[in-house]
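Novice: Please assemble the complex out of the two chains, which come individually in their own frames, going by the hints.
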Amino acid sequence: MTPKRKQRLYIVLSIVIGAAVAVGLVMYALSQNINLFYSPADIAAGKAPVETRIRAGGMVVDGSVKRDPESLRVEFGLTDYVSTVNVVYDGILPDLFREGQGIVAQGELNEAGQLIAVEVLAKHDENYMPPEVAEALEKAGKMPEQLRAQEAYAE
Amino acid sequence: MPRWFYQLASPRWCYDITGKLLPLFAWAAVLLLLGGTAWALAFAPADYQQGNSFRIIYIHVPSAILAQSCYMLMAIAGAVGLIWKMKVADMVAKCCAPIGASIAVLALATGAIWGKPTWGAWWVWDARLTSMLILLFLYFGVMALNSAIENQTTAAQSTAVLSLVGLVNIPIIKYSVEWWNTLHQPATFTLTEKPAMPVEMWMPLLIMVIGFYCFFAVAMMLRLRNEIVSRERRSGWVRELIQTQFR
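Protein sequences, first through last, are from chains A and B. All letters in the first sequence, in the order written, are residues 74 to 228 by the numbering used here. All letters in the second sequence, in the order written, are residues 33 to 279 by the numbering used here.
What the hints contain is simulated information worked out from the structure, not anything from laboratory work. Check the hints yourself; a few may be wrong.
As the list claims (entries may be wrong) - What follows is a list of derived Cβ distance ranges for each label pair:
{"no.": "1", "chain 1": "A", "residue 1": "Pro-76", "chain 2": "B", "residue 2": "Leu-56", "range": "38 to 44 Å"}
{"no.": "2", "chain 1": "B", "residue 1": "Trp-154", "chain 2": "A", "residue 2": "Met-74", "range": "48 to 54 Å"}
{"no.": "3", "chain 1": "A", "residue 1": "Asn-106", "chain 2": "B", "residue 2": "Leu-56", "range": "44 to 50 Å"}
{"no.": "4", "chain 1": "A", "residue 1": "Val-99", "chain 2": "B", "residue 2": "Gln-277", "range": "48 to 54 Å"}
{"no.": "5", "chain 1": "A", "residue 1": "Asp-135", "chain 2": "B", "residue 2": "Leu-56", "range": "52 to 58 Å"}
To be verified - Covered by chain B, according to a simulated footprint, are these stretches of chain A (three or more residues, beta-carbon under 8 Å):
{"no.": "6", "segment": "89-95"}
{"no.": "7", "segment": "140-149"}
{"no.": "8", "segment": "152-163"}
{"no.": "9", "segment": "178-185"}
{"no.": "10", "segment": "198-212"}
From the three backbone atoms N, C-alpha and C, an ideal C-beta is built for every residue, glycine too.
Just chain B, same shape as in the assembly (with noise of 0.2 Å):
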């Protein structure tokens, strides 16, 4: 293993790594949010279709594609935490959860506002639009579970554990549009293709997907220090940071 994997495993080292980060992807994402919310709303050409309404797409989109990766990032990090017993991963996997839950509602929320004018319905009970409400019952699920266990170390391997079964649904919810007939039409970006829209279109929705990324690092390291903090509050290092941080 190398040797960023075993720094990885201290609370101390993650705390400071994060800490230098963190202002970093602040001003990422402000300037990329900003940015690609000014392009979008004021400057990307109105469908031909659907016109004005077609750019919730600059929201729904990267919602979509950011609640599934925090999906996985929770999985993968819960596979770690079991495997390695790896006190930080399980407290990413704890963090992912609630962040995961909102940017899912959101998703699910601006879908529906889209659908409405759109296909002429809130809801449909389709297999892209069910898979990604399975998705949010998930997070519910882990955070549930999460709260209910107070052990630390054994509620992190049973959130793991139910995180890793979920993980089938994120295939589900990719290729629904693929393998069944959906009202919900197939996806905007694919990493293989070229997207099926002028670049004017998808240059902003990149800048967002990307923005969100950032924000959602940002959302995740302020947790995650939070977490770290307060688990590790009897070590030496915290107490002494405290004392440094108040005086």
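Just chain A, with the same shape it has in the complex (with noise of 0.2 Å):
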């Protein structure tokens, strides 16, 4: 490589380098923003603020939620297994929301620490199967929220 070709080279590589060092500290200063909901322990902990639309996600409790048979209120525990916020919303939920789904709760925080949602979103994993293979192994007790669970309440 001719110097000339060197010099350029180097002034490329400090482009790209000086780019990510400068990105790179603006991701590490607002990270805190960038997160798309807070988890039930950070609510728990108290670093979600409280009457501010925040969102909270995590697992829906099994065997936590309760319909109202008069309007479409619902009531459901969402954990992370490490803590559990309550959340209480009134609409339509999405199709995937079951016990033991991931999902993501928009809304308010009262002073009970319950979460008063407008807006309920599920989240899915990158766990694609037939329905004949989740069957069995919904059996086995191996579907990858079963094995998460099981692995949280290990610890």
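Specialist: Encoded structure:
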């Protein structure tokens, strides 16, 4: 490589590294704001502001879903296997909503620590599988969410 | 530097070799995309949770992967153009932007269509979706800058710098689902691990990904040949070519 080309190569490398460092510092400074949601543990630790619009994400606790037979109102526990937050929601739930499913709820925390949700979104993972496989895994207790729960409780 | 690297620098050699490769990639793209689509839509099993709406993955994932690879090619070609002052590299970088932008639009649109039935929302401002939107805007920026500058060499240099600065977005897109809490699920395909789905699901996906790459190669070579002929129109070999083609 001629000296001239070498010099240009260094300039190109310094542009890329400079941009990466600058963006990296910005990301580091903003890291809490880039997270889409607070985990129930964050909320229990008081990291989430009260009476401000926030999002909470976690798993729907098994056996915690209580539906009001008169209306669309539904109550459920949201957990990250460390802490649990109670969510109250009055609206249409996404199709994927069920116990053990990961969801993200948007709403405001009240004084009692309940999340009054205005929107509930379902989160799914990258473990796609055909229904027959899912059934077999479910019977064996080897579904991804079951394994996650087992791991979390074992800790 | 090896000989092929210097041969690449010759527009005429590039024009000839792409002319030979073009039908090869075109056939591969047609066969892979048709076969992959049929397999994905008719024979691959439905997902236990999402049912048939999961099948949009066969368009969404290949287009998202390709949109990022195309950006990397654009930035690398730009760097080669800056360092070695290689005309063909500048042309490749210029041709990448519109193709990459359309594929990024496809990834974002299929993502939104997939998001509505599964998540319950067309769009969420999470880190993965937002960084992907930034990728689209980077493509738009590169295209705008390239057409705003009259002089070809200056235009190539400034767009190369812009695409190199934007290169930092690629690892952010890739790792956004690991670094932050996002609604978007983690990566479907990684180079190091076995995909978290059975083979009858990921095989058609892999075929679609390769098909998308072949399609990209075809679109790229068509644009590049066009660009070469238009820039070299005053050179002897292009005049000769035109005379033999249109006699």
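Novice: Each hint should be assessed against the structure and marked as holding or not.
Specialist: Here is what the structure says about each hint:
1. A:Pro-76 <-> B:Leu-56: 38 to 44 Å: holds (40 Å)
2. B:Trp-154 <-> A:Met-74: 48 to 54 Å: Holds, at about 50 Å.
3. A:Asn-106 <-> B:Leu-56: 44 to 50 Å: holds (49 Å)
4. A:Val-99 <-> B:Gln-277: 48 to 54 Å: holds (53 Å)
5. A:Asp-135 <-> B:Leu-56: 52 to 58 Å: holds (55 Å)
6. 89-95: Coverage by chain B holds here, the residue count being 3 at a Cβ distance below 8 Å.
7. 140-149: violated (count 0)
8. 152-163: violated (count 0)
9. 178-185: As far as the segment 178-185 of chain A goes, the hint is violated, because 0 residues have Cβ atoms under 8 Å from chain B.
10. 198-212: With 11 residues closer than 8 Å to chain B, the segment 198-212 of chain A meets the three-residue bar; holds.
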